[in-house]
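Next come the chains, spelled out residue by residue.
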Amino acid sequence: MAENKGILIYGELASGKLAAITTELLGCGRKLADELSEELACLLISDSAGEAAKEAIAFGAGKVYTVEDPSLKQYQAESYFQALDKLVNDTKPRIILFGQTAMGRELAPHLAFKHEVGLSTDCLDLSIDSSTKLLLQTRPVYGGNAQATFVSELLPQIATIRPKAMSPLEQDSSRTGEVVPFKVEIDASAIKVKVLETVKEEVSGIKLEDAPAIICGGRGIGSADPFNTTLKELAELLHGAVGASRPPADNGWVPEAMHIGLTGKIVAPDIYFAVAISGASQHIAGCSGAKHIIAINKDPEANIFKEAEIGVVGKYEEVIPALTGKLKELL
Amino acid sequence: MPNMIVCCKQVPDPEAPPSLFKVDSSSNKVVTAPDVKPVIGQYDEFALEAALRIKQKQGGKITVLSLGNKITRDVIKKSLAVGADELVLLEDEAFEESDSWTTAYALAAAVKKVGEYDMIFCGRQSSDWDAGQVGIGIAEILGIPAVTLARKVEFSDGSVKVDRAIPDGYESVEVAPPVLITVSSELGALRYPALKGIMAAGKKQPTVYKPADLGLEANQVGAAGRHIKISKLFQPVKEGKCEIVEGENGEEAGVNLALKLREAKLL
Ligand SMILES: Cc1cc2nc3c(=O)[nH]c(=O)nc-3n(C[C@H](O)[C@H](O)[C@H](O)COP(=O)(O)OP(=O)(O)OC[C@H]3O[C@@H](n4cnc5c(N)ncnc54)[C@H](O)[C@@H]3O)c2cc1C
Ligand SMILES: Nc1ncnc2c1ncn2[C@@H]1O[C@H](COP(=O)(O)O)[C@@H](O)[C@H]1O
Numbered sequence: 063m064a065e066n067k068g069i070l071i072y073g074e075l076a077s078g079k080l081a082a083i084t085t086e087l088l089g090c091g092r093k094l095a096d097e098l099s100e101e102l103a104c105l106l107i108s109d110s111a112g113e114a115a116k117e118a119i120a121f122g123a124g125k126v127y128t129v130e131d132p133s134l135k136q137y138q139a140e141s142y143f144q145a146l147d148k149l150v151n152d153t154k155p156r157i158i159l160f161g162q163t164a165m166g167r168e169l170a171p172h173l174a175f176k177h178e179v180g181l182s183t184d185c186l187d188l189s190i191d192s193s194t195k196l197l198l199q200t201r202p203v204y205g206g207n208a209q210a211t212f213v214s215e216l217l218p219q220i221a222t223i224r225p226k227a228m229s230p231l232e233q234d235s236s237r238t239g240e241v242v243p244f245k246v247e248i249d250a251s252a253i254k255v256k257v258l259e260t261v262k263e264e265v266s267g268i269k270l271e272d273a274p275a276i277i278c279g280g281r282g283i284g285s286a287d288p289f290n291t292t293l294k295e296l297a298e299l300l301h302g303a304v305g306a307s308r309p310p311a312d313n314g315w316v317p318e319a320m321h322i323g324l325t326g327k328i329v330a331p332d333i334y335f336a337v338a339i340s341g342a343s344q345h346i347a348g349c350s351g352a353k354h355i356i357a358i359n360k361d362p363e364a365n366i367f368k369e370a371e372i373g374v375v376g377k378y379e380e381v382i383p384a385l386t387g388k389l390k391e392l393l
Numbered sequence: 096m097p098n099m100i101v102c103c104k105q106v107p108d109p110e111a112p113p114s115l116f117k118v119d120s121s122s123n124k125v126v127t128a129p130d131v132k133p134v135i136g137q138y139d140e141f142a143l144e145a146a147l148r149i150k151q152k153q154g155g156k157i158t159v160l161s162l163g164n165k166i167t168r169d170v171i172k173k174s175l176a177v178g179a180d181e182l183v184l185l186e187d188e189a190f191e192e193s194d195s196w197t198t199a200y201a202l203a204a205a206v207k208k209v210g211e212y213d214m215i216f217c218g219r220q221s222s223d224w225d226a227g228q229v230g231i232g233i234a235e236i237l238g239i240p241a242v243t244l245a246r247k248v249e250f251s252d253g254s255v256k257v258d259r260a261i262p263d264g265y266e267s268v269e270v271a272p273p274v275l276i277t278v279s280s281e282l283g284a285l286r287y288p289a290l291k292g293i294m295a296a297g298k299k300q301p302t303v304y305k306p307a308d309l310g311l312e313a314n315q316v317g318a319a320g321r322h323i324k325i326s327k328l329f330q331p332v333k334e335g336k337c338e339i340v341e342g343e344n345g346e347e348a349g350v351n352l353a354l355k356l357r358e359a360k361l362l
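Protein chains in written order, with my numbering: chain A, 63 to 393; chain B, 96 to 362.
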């Protein structure tokens, strides 16, 4: 049996271009590949990879496998898995990296269990153990209260990486690489889960993932209204977006897509206002990438003050309008 | 009427204050403070609620599976109190320190032993290790389809319809049973047990399986069968130097915060 060799990135497309997470994975994969002196490959599954294959090379891939088929226009776990599994069987990578995304969360466990190997999900850091050459996989556990470094001797070693945890390389179109079309016959008869419809619940305004400033409200906001008034006014002033901890989403005060945290969106804005949020580890897991965290909470003992850089102890109903008013003068 | 299996794990209360959480880095183990009570994992409760809603409409039977060692009866019996019919515990010292692989392998063996099933429900992730693997793992081992991140599940003869959460909305899918479903928080919280349910649960005895009862060898369970090893468990140090902006009252503090943010050039 051939030896497992090289690193494979599971690539994703977003509106026809390489997704941000894939550029991050390539940046991290490049480092690991150089350390192992092995190849960095990227897989792109779609109806048409277009320019994204060249983009992947410009972001560091040495080889790009493209699986193109009209039936692969929309992501469906079973059909995408068929393509992924065949490539893994044929190319036998040593390491396979996914984003901790809608796709990665599904495909990585399917792959790991099918191949009877280990998997670490939601990793924040990866490195190579210099003596064993094995992949050290560090991820938060216990809702972010601790971190663990995992290692598996079984090959391939598989991990999913949290968005924004890794930095992409500078895009450089002078980088060279090979684009290899990879043929897979998708067996439609093996697909058991039928997609009936996809419903978009768009949140208006700037997307949380792209917002430079986030005003995030917690359970202490008390109802739906202030999200659309008090918090929104500050967000608009700062050209940012309004987010929420999980309780407001659970209570139906805000749409699900606004919920930030371990099981919601992972964000990394320049500035993050945590308003009436206690600072549970599962919430912090979603915003710890923010450059500056500002806390407004009426409880001086709230854990959020351990996470924040600047804080105000007070009722948000008083603090936020005054803050917004003064900023309107200053900005 | 559908046969349903729900996988519930006992975990230390994940919403306990972070300050109570400690690890012993020499043994790479979590030290649970006595004040932190064991509970059923959050998402496992949502998974149980998904099954209960189907039972409420269509009837059927719910079997709860839980794997661990020293499983607190009062905690896990909450599943019976809210309306599950059977409780099966995979309970043994040998199950300690299972990883996602050994957990899914043993639970899949238990599912086979239970026999008939249309739907298996798991949480989207456990409330301790947060891996999000075991559900899909069970499906892969049993060779059945998996649908993840359910926010609504409906069963009608020969078909399961699931609305699954996707990044900007949801997707409705349809699949023929048997199927494994992982459940997300959008589905909604677990109902409260009624007094009658609590009384009935008190009298019911769980079935307890040891590895050998499931045909599992010593090297296939718990720590011995792990596919990933923990090489380090640690708590990242937090600097925790928050500067508090003061004021006579909330308004003044808000104004001072604006001045502070400008002065520090954060805006
Ligand atoms: C497995 C798991 C996954 C989870 N995933 C997530 C996740 O992705 N995202 C998430 O957010 N949570 C998540 N949680 C829940 C998390 O543990 C906490 O329960 C949640 O984050 C608490 O939200 P909160 O801070 O808004 O509410 P609370 O903890 O209730 O805090 C409310 C705060 O508001 C303050 N307050 C009240 N009124 C006012 C006022 N007028 N002015 C100022 N301050 C006020 C209070 O002092 C308090 O500190 C998860 C939990 C588990 C177990
Ligand atoms: N020890 C266990 N006993 C019962 N169910 C479990 C156990 N571990 C995990 N599960 C189920 O699998 C889901 C995902 O777990 P994990 O892969 O550990 O995040 C949980 O939400 C449970 O439904």
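Since the hints were derived computationally from the structure, they do not count as laboratory data.
Heads up, some of the hints might be wrong.
[Stated by the list, open to error] Derived DSS-like pairs: lysine-lysine, alpha-carbon spacing no greater than 30 Å straight-line:
1. B:Lys132 / A:Lys360
2. A:Lys269 / A:Lys327
3. B:Lys247 / A:Lys256
4. B:Lys152 / B:Lys360
5. B:Lys256 / A:Lys256
6. B:Lys333 / A:Lys353
7. A:Lys176 / A:Lys135
8. A:Lys360 / A:Lys262
9. B:Lys117 / B:Lys256
10. A:Lys93 / B:Lys327
11. A:Lys368 / B:Lys360
Evaluated hints:
Among the hinted pairs, Lys132 of chain B with Lys360 of chain A is consistent with the structure: their alpha-carbon atoms are about 27 Å apart, no more than 30 Å. Distance check on the hinted pair: Lys269 of chain A and Lys327 of chain A sit about 11 Å apart at the alpha-carbon level, within 30 Å; holds. Distance restraint check for Lys247 of chain B and Lys256 of chain A: the Cα-Cα separation of roughly 16 Å lies within the 30 Å cut-off, and the hinted pair is therefore satisfied. As the CA atoms of Lys152 of chain B and Lys360 of chain B are separated by approximately 58 Å, the hinted pair breaks the 30 Å bound.
For the proposed pair Lys256 of chain B and Lys256 of chain A, the alpha carbon gap of about 10 Å is at most 30 Å, so the pair holds. Straight-line distance between C-alpha atoms of Lys333 of chain B and Lys353 of chain A comes to about 15 Å, which keeps the hinted pair within the 30 Å bound. For the suggested pair Lys176 of chain A and Lys135 of chain A, the alpha carbons sit about 24 Å apart, so the restraint of at most 30 Å is met. Between Lys360 of chain A and Lys262 of chain A, the direct Cα distance comes to roughly 36 Å. Violation of the 30 Å bound is thereby established for this hinted pair.
About 42 Å separates the Cα atoms of Lys117 of chain B and Lys256 of chain B, which puts this hinted pair outside 30 Å; it is violated. Only pairs whose Cα atoms come within 30 Å are accepted, and Lys93 of chain A paired with Lys327 of chain B is accepted, the gap being roughly 22 Å. A C-alpha spacing of about 22 Å is found between Lys368 of chain A and Lys360 of chain B, which places the hinted pair at or below 30 Å, so the restraint holds.
The structure is inconsistent with the numbered hints 4, 8 and 9, although it conforms to all the rest.
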